[in-house]
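Engineer: Protein chains in written order, with numbering that gives the first Met the number 0: chain G, 0 to 359; chain D, 0 to 359.
Read the hints as simulated data drawn from the structure, not as lab findings.
Bear in mind the structure is a predicted one, so any value in this text is a computation, not a measurement.
Keep in mind that the hints are not guaranteed to be accurate.
[Claimed, not checked] Simulated pairs of lysine-lysine, BS3-like, Cα-Cα distance not exceeding 27 Å:
| # | chain 1 | residue 1 | chain 2 | residue 2 |
| --- | --- | --- | --- | --- |
| 1 | G | Lys329 | D | Lys289 |
| 2 | D | Lys261 | D | Lys87 |
| 3 | G | Lys56 | D | Lys87 |
| 4 | D | Lys30 | G | Lys261 |
| 5 | G | Lys104 | G | Lys251 |
| 6 | G | Lys56 | D | Lys261 |
| 7 | G | Lys298 | D | Lys289 |
| 8 | D | Lys261 | G | Lys52 |
| 9 | D | Lys311 | D | Lys104 |
| 10 | G | Lys77 | G | Lys87 |
| 11 | D | Lys102 | D | Lys192 |
| 12 | D | Lys104 | G | Lys59 |
| 13 | G | Lys261 | D | Lys261 |
| 14 | G | Lys52 | D | Lys192 |
| 15 | D | Lys102 | D | Lys75 |
| 16 | G | Lys52 | D | Lys59 |
| 17 | G | Lys59 | D | Lys75 |
| 18 | G | Lys289 | D | Lys75 |
| 19 | D | Lys250 | G | Lys56 |
| 20 | G | Lys30 | D | Lys75 |
| 21 | D | Lys56 | G | Lys30 |
| 22 | D | Lys59 | G | Lys250 |
[Claimed, not checked] Pulled a few chain D residues facing chain G out of the computed Cβ check, cut under 8 Å:
| # | residue |
| --- | --- |
| 23 | Phe116 |
| 24 | Trp287 |
| 25 | Met290 |
| 26 | Ser292 |
| 27 | Glu293 |
| 28 | Gln351 |
Virtual Cβ for every residue (Gly too), placed ideally from N, Cα, C.
2 protein chains.
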Amino acid sequence: MDFKKTIRRVSTLIVASLTTLAATHVQADDKVYRLKLAETWGPNTPILGDASKNMAKLAKEMSNGRLIIRIDSANKHKAPLGVFDMVKSGQYDLGHSSSYYWKGKVPNTLYFSSMPFGMTTMEQYSWFYHGGGLELMQQVYSPHNLLSFPGGNSDIQMGGWFKKEINTIDDLKGLKMRIPGFAGEVLAQVGAKPTNIAPGELYTSLERGTIDALEWVGPAFDLRMGFQKIAPYYYTAWHEPGSETQFLVNKKVWQELPDDLKIILETSFRVAAFDMYTQALHENANSWSKMSSEYPDIKVRSFPPEVINALKQANGELLKQQAANDELAKEILDSQASYLNKMREWTTISLQAYLNEQTN
Amino acid sequence: MDFKKTIRRVSTLIVASLTTLAATHVQADDKVYRLKLAETWGPNTPILGDASKNMAKLAKEMSNGRLIIRIDSANKHKAPLGVFDMVKSGQYDLGHSSSYYWKGKVPNTLYFSSMPFGMTTMEQYSWFYHGGGLELMQQVYSPHNLLSFPGGNSDIQMGGWFKKEINTIDDLKGLKMRIPGFAGEVLAQVGAKPTNIAPGELYTSLERGTIDALEWVGPAFDLRMGFQKIAPYYYTAWHEPGSETQFLVNKKVWQELPDDLKIILETSFRVAAFDMYTQALHENANSWSKMSSEYPDIKVRSFPPEVINALKQANGELLKQQAANDELAKEILDSQASYLNKMREWTTISLQAYLNEQTN
Numbered sequence: 000m001d002f003k004k005t006i007r008r009v010s011t012l013i014v015a016s017l018t019t020l021a022a023t024h025v026q027a028d029d030k031v032y033r034l035k036l037a038e039t040w041g042p043n044t045p046i047l048g049d050a051s052k053n054m055a056k057l058a059k060e061m062s063n064g065r066l067i068i069r070i071d072s073a074n075k076h077k078a079p080l081g082v083f084d085m086v087k088s089g090q091y092d093l094g095h096s097s098s099y100y101w102k103g104k105v106p107n108t109l110y111f112s113s114m115p116f117g118m119t120t121m122e123q124y125s126w127f128y129h130g131g132g133l134e135l136m137q138q139v140y141s142p143h144n145l146l147s148f149p150g151g152n153s154d155i156q157m158g159g160w161f162k163k164e165i166n167t168i169d170d171l172k173g174l175k176m177r178i179p180g181f182a183g184e185v186l187a188q189v190g191a192k193p194t195n196i197a198p199g200e201l202y203t204s205l206e207r208g209t210i211d212a213l214e215w216v217g218p219a220f221d222l223r224m225g226f227q228k229i230a231p232y233y234y235t236a237w238h239e240p241g242s243e244t245q246f247l248v249n250k251k252v253w254q255e256l257p258d259d260l261k262i263i264l265e266t267s268f269r270v271a272a273f274d275m276y277t278q279a280l281h282e283n284a285n286s287w288s289k290m291s292s293e294y295p296d297i298k299v300r301s302f303p304p305e306v307i308n309a310l311k312q313a314n315g316e317l318l319k320q321q322a323a324n325d326e327l328a329k330e331i332l333d334s335q336a337s338y339l340n341k342m343r344e345w346t347t348i349s350l351q352a353y354l355n356e357q358t359n
Numbered sequence: 000m001d002f003k004k005t006i007r008r009v010s011t012l013i014v015a016s017l018t019t020l021a022a023t024h025v026q027a028d029d030k031v032y033r034l035k036l037a038e039t040w041g042p043n044t045p046i047l048g049d050a051s052k053n054m055a056k057l058a059k060e061m062s063n064g065r066l067i068i069r070i071d072s073a074n075k076h077k078a079p080l081g082v083f084d085m086v087k088s089g090q091y092d093l094g095h096s097s098s099y100y101w102k103g104k105v106p107n108t109l110y111f112s113s114m115p116f117g118m119t120t121m122e123q124y125s126w127f128y129h130g131g132g133l134e135l136m137q138q139v140y141s142p143h144n145l146l147s148f149p150g151g152n153s154d155i156q157m158g159g160w161f162k163k164e165i166n167t168i169d170d171l172k173g174l175k176m177r178i179p180g181f182a183g184e185v186l187a188q189v190g191a192k193p194t195n196i197a198p199g200e201l202y203t204s205l206e207r208g209t210i211d212a213l214e215w216v217g218p219a220f221d222l223r224m225g226f227q228k229i230a231p232y233y234y235t236a237w238h239e240p241g242s243e244t245q246f247l248v249n250k251k252v253w254q255e256l257p258d259d260l261k262i263i264l265e266t267s268f269r270v271a272a273f274d275m276y277t278q279a280l281h282e283n284a285n286s287w288s289k290m291s292s293e294y295p296d297i298k299v300r301s302f303p304p305e306v307i308n309a310l311k312q313a314n315g316e317l318l319k320q321q322a323a324n325d326e327l328a329k330e331i332l333d334s335q336a337s338y339l340n341k342m343r344e345w346t347t348i349s350l351q352a353y354l355n356e357q358t359n
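Input sequences plus hints: build the corresponding full structure.
Structural biologist: Next up, the structure:
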C-alpha cells in the first residue's frame, strides 16, 4: 500500500534526520546543572569570599551556562562552621572553607591548611599537586562522602600583634594571647595562655589588657581592625606559613556530573585558588604599604632563635603524639616532613638566597 | 485526503521534534576547532614541553572535544626562534615560547620573561594579574597581530657554574662566560666577556677553558648536563629570578573562537602555567637533592655585596637608557619598579623573614 510505504519512508526520514542531528551533537549534554555552595565567610568578605565568586563565574562561562553555582554566605545559611556537615549530608552540593576547622570532627583534616614551621604556600602547592598531598587529602575526606580541593591561599599569616617585645622564652610564659586552634596548643606547651575571642571583641580586649597579644591574619585583613594603634610589635610568621582554604564537593553530586563538567569544575577550583593567592599577595603588599606609612611606629620583629627553637620543639612533640595515635596521621605527617625537607634545601639556595643577597 | 493529512501531520511532528531538539541544544556550537601550536622546544622537553601538552589536554577535555590543539615541536617546524613570526603570520594559530627571545624584533618584549634583580615568580604573577602587567604585555604584542599570556614559570635560574670563586668585582673582569641576552649585556658593563655557545658544545667549552663560567637553568635542567663535574662553584640567582614562558595566539584566530572556547583556552593557559611552575619547583628540589648527594663537593655561593651592587648599578643604567628611548618601555619599567618596590617590602617581612628565622 502506498500509504504504508509513504509512512515508512517518512519514518525513515525522521529517524535519519534525528540521527544526523544527534550525531552533530553527539557529545553535548545540554542539561543545566544547578549547584548550591555554602561558604564559611560572610557576604562580601574580600579575598576569601572572592574565591567562590571567581570560581562560579568561570564554571558558568566555560560550560556555556550548563553549570550554574549559587553561593550562600554565612548570613544566609547561619552555620559558618557547619559547611563540612552540610555538604556531607547533601544539604549543599559544594562548600568553601578551611580544612583545619574540622579537626574536632575529623582530626586528620588539620594537616591540609597550614602547619606551624611547615611548608610555604608554593612548597605546599607543589606537595599537593606533585608530592601526593592531594591524594592524602582525598583519603581523609572520602569516608565522609566528600571530595576536597585546594581552595585558595590567603598568604603567610603574620605572627600577630604584641604589646611587649618577646626576647626570651620567659616572655611567653603566662602571656595571654588570642590564637585559636593547633598553634594555640603549641604556644600552651611553652607556657603561654592561648584563648579564643570573637572578632568583634578583639580590639577592646587588647586595648584593656584582657589579652597581651593576638594573631589575626596579615596586613590585608589586619589594617581595618586597627590593632597597630594599641600594640606596637608586629611579629613575623611562624604558625601559618601559607594558609590554604578548600573547596568541598558532595561525592554523589560529583559522580552525577558529566565528565566535561567535572573537569570544568575542578579547573575552576584550581584557577580560583591560584587567583586568590595572587590577590592575597597583592592586597597584603598594598595594605602593608598603607599601614607602614600611616603608622611609622610599628615595630616588625621576628622571634629570637631561642623562642623559635622552643616553639619548634613543642610543635614537633605534639605532632609526634598525633602520629603515634593514628596511622593515616603518621603517613600524612611523614609525607609533609620529607617533602618539606627536600624542598626547603632548594628554597634555601634559590628563593631565600636571592632575597637575602639583595638585603645583605 | 487522508494521505495528505497524514503527511501534513507527520511533517508537523518532524518540525516539532526538530524544534524541540534544537531548543534543548540552543547554546551548543558543536563545531570542532582545530588549532596548531608551534613550540620553541624540542620534542619531549621536560617541564617546558609539558606546559603545552597539559594545556591542550585540558582544553580538549573541558570543551568536550570541540577544541583540538596539535602541537608541533621544534624538530617538526625547524624554527625554534621563529615562533613569533609563524603565529603572527597565521602559519600557526598558537605558540609556546619565551617573550625575551623576541627582543631583537620588538625590544619591549624583553620585559615579560624575567629581569635581573627583578620580581620573583609570585611577585611577577601578582604584577601580571593584579598590577597591570598582563595589559602592558598585550599592548606590546597587539600591533603584531598577537595576544600573549603567561605560559608557565621555570622557577628561579641559578647564577651559573664557575671554575673560580668570585670575591670581588675584579674577578669578573675578563671572565669568559656563556650568558646570552640582556643579562650578558649587564655582565659586559662590569667588564666580563659574555658569549653564547650552542648547548651541545657547552660542556667541552667549560672543560677546556674556552669559557670560565656558564649559566644554564637550574638543577632540573643542569643535572644531566654534568657541569658540576668540572666547575665546583654553583652561584645563586641574580639575572632571572623567575623565568616566565608565554603562550602566543594569533589575534584573528582568537576572534573567531566562540566565547566559551575563548575562556576555556585562556583558562587552560593559566592552569598549564601554574602547573609548570609547581612542576619546576618539584623537579628542581628533586634534582638538587640528587645532585648535592651525588656531588657533595659542589660549593654553593652567592656573589658578595660589592659584586651584587655593581651588577645592580649596571642593570639600572641599561634600563634607564631603554626607558629614555621608548615611551612604552618607560611605562613598563616604571610599572615593574613601583610594583616590585611595594611588593618586596611585604615579601621581606613575610616570606623572607619566615625562611630566615628558621635558619638563623
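Engineer: Please work out if Lys56 (chain G) and Lys87 (chain D) have their alpha carbons no farther apart than 27 Å.
Structural biologist: Given that 27 Å is the threshold and the Cα spacing comes to 31 Å, the pair is violated.
Engineer: Given the hinted pair Lys52 (chain G) and Lys59 (chain D), is their Cα-Cα distance within 27 Å?
Structural biologist: holds (25 Å)
Engineer: Mind checking the alpha carbons of Lys59 (chain G) and Lys75 (chain D) for me, to see if they're no more than 27 Å apart?
Structural biologist: Since the Cα atoms of Lys59 (chain G) and Lys75 (chain D) sit roughly 37 Å apart, the hinted pair is violated (cutoff 27 Å).
Engineer: Straight-line Cα separation of Lys311 (chain D) and Lys104 (chain D) no greater than 27 Å?
Structural biologist: The given pair, whose Cα atoms are some 26 Å apart, holds under the 27 Å limit.
Engineer: For the pair supplied as a hint, Lys289 (chain G) and Lys75 (chain D), is the alpha-carbon distance within the 27 Å limit?
Structural biologist: violated (53 Å)
Engineer: Lys59 (chain D) and Lys250 (chain G) were given as a pair; does the straight-line alpha-carbon distance stay at or below 27 Å?
Structural biologist: holds (24 Å)
Engineer: What's the verdict on Lys30 (chain G) and Lys75 (chain D), does the C-alpha distance respect the 27 Å limit or exceed it?
Structural biologist: violated (42 Å)
Engineer: Does Lys261 (chain D) pair with Lys52 (chain G) here, judged by a C-alpha cut-off of 27 Å?
Structural biologist: OK: Lys261 (chain D) and Lys52 (chain G) at ~20 Å, within 27 Å.
Engineer: Taking 27 Å as the top limit, are the C-alpha atoms of Lys261 (chain G) and Lys261 (chain D) close enough?
Structural biologist: With Cα atoms ~19 Å apart, Lys261 (chain G) and Lys261 (chain D) stay inside 27 Å; holds.
Engineer: Next pair to validate is Lys56 (chain D) with Lys30 (chain G); report whether the Cα-Cα distance is within 27 Å.
Structural biologist: holds (24 Å)
Engineer: Checking hints one by one. Is Ser292 (chain D) an interface residue toward chain G, by the C-beta closer than 8 Å rule?
Structural biologist: violated (10 Å)
Engineer: If you draw a straight line from the CA of Lys77 (chain G) to the CA of Lys87 (chain G), is it 27 Å or shorter?
Structural biologist: Roughly 17 Å separates the two Cα atoms, so the pair holds.
The structure fails hints 3, 7, 12, 14, 17, 18, 20, 25, 26, 27 (numbered hints given earlier, in ascending order).
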